[in-house]
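This is what each chain is made of:
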Amino acid sequence: MAERSNAPASTEEALIIERIFDAPRELVWKAWSEPERMMRWQGPKGFTAPVCKIDFRVGGKYLFAMRSPDFNEGKSIWSTGVYREIVPFERIVCTDSFADEDGNVVPASHYGMTRDFPLEMITTVTFEEIDGKTKMTLHHQGLPLGEMKDGANVGWNESFDKLAEYLATA
Amino acid sequence: MLTATSSDPISSTFAALADPTRRAILSRLSLGEASVTEIAEPFEMSLPAVSKHLKVLERAGLIARGREAQWRPCRLQAGPLKDADEWLERYRRHWEESFDRLDDYLQELQQKERKYGQEKSLRKEDENGRKK
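From first to last, the protein sequence lines are chains A and B.
With our numbering, the residue at position 98 of the first sequence is 98, and numbering never jumps.
One rule links them: number in our numbering = place in the second sequence (from 1) + 170.
For reference, chain A alone in the conformation it holds in the complex (with noise of 0.2 Å):
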């Protein structure tokens, strides 16, 4: 376990957040996995979910939405995707797009951003216990790769550390 999430960094890696938390391994699987938990914290600050579904298995779907008061004029935005892996209490893979309420893919464009997304990034989450807490690490990956495949091994936060010293000092 704790040799796979010490894996190095590849550069499909855009993302990478690690968080610990004051509760077992099973509960924080399940904030996961189970949509009347899911809806409790999944959005950021001031954001609400009054939908979530979740077809937990493999192939499997989800479509969950959110709404904040000072967001796309108060509408919901929804999002979707397909569980590609789950290994109980260890690893969720699953694909994110934004979507319609009906669940289908559309583009960042549809929700009014004026920057282009990627249609479709890939989430992995993995669950690792430690002294009866909990370590949770996400993954937010899957930028086009492009001519990323031949580029070196060197992770995404090392690409940031440069660009964030390279923007202080512009």
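These are calculated hints, taken from the structure and not from any lab test.
Think of the CB as a built atom: it goes at the ideal place given N, C-alpha and C, for glycine as much as any other residue.
Incorrect hints may have been included.
[As the list claims (entries may be wrong)] Quick list of the computed label-pair ranges, beta carbon to beta carbon:
no., chain 1, residue 1, chain 2, residue 2, range
1, A, R84, B, A234, 34 to 42 Å
2, A, D100, B, R229, 30 to 38 Å
3, B, G249, A, L119, 22 to 30 Å
4, A, Y111, B, R262, 16 to 24 Å
5, B, R262, A, E120, 15 to 23 Å
6, B, A248, A, E26, 41 to 49 Å
Could you slot chain B onto chain A? The hints should help.
Positioned in the frame of chain A, the structure of chain B alone reads:
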């Protein structure tokens, strides 16, 4: 793939950044404009190879090349970098704030469980007490 990246600015920014040589070139250019020869200097690489990298950066809008001078100096353009950073920041914020809420929720759940567990054991004591 090229058509895909050119239609999607963020992706072409990320693709251009996904190479250590190109990142090094950008770092160099953040110090000021430079010619291809100057840029190539620290690398064990032919000029055409460096030119190839420069073309990728140029296509992604990360650098601009002067037309005025013979040596066509390259300079950094920060716009796409800022866009890429904002894009990432948006996702980061989404997850960080969600996880703050998850943290609260997990605490709440466990408190309830503890309370319920306590009540249960109190009831048991009660029952045991009555039996005696």
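Checked hints:
1. R84(A) to A234(B): 34 to 42 Å: holds, 41 Å
2. D100(A) to R229(B): 30 to 38 Å: holds, 33 Å
3. G249(B) to L119(A): 22 to 30 Å: With a Cβ separation near 23 Å, G249(B) and L119(A) satisfy 22 to 30 Å, so the hint holds.
4. Y111(A) to R262(B): 16 to 24 Å: holds, 19 Å
5. R262(B) to E120(A): 15 to 23 Å: Since the Cβ atoms of R262(B) and E120(A) sit about 19 Å apart, the hinted range of 15 to 23 Å holds.
6. A248(B) to E26(A): 41 to 49 Å: Because 46 Å falls inside the window, the suggested range holds.
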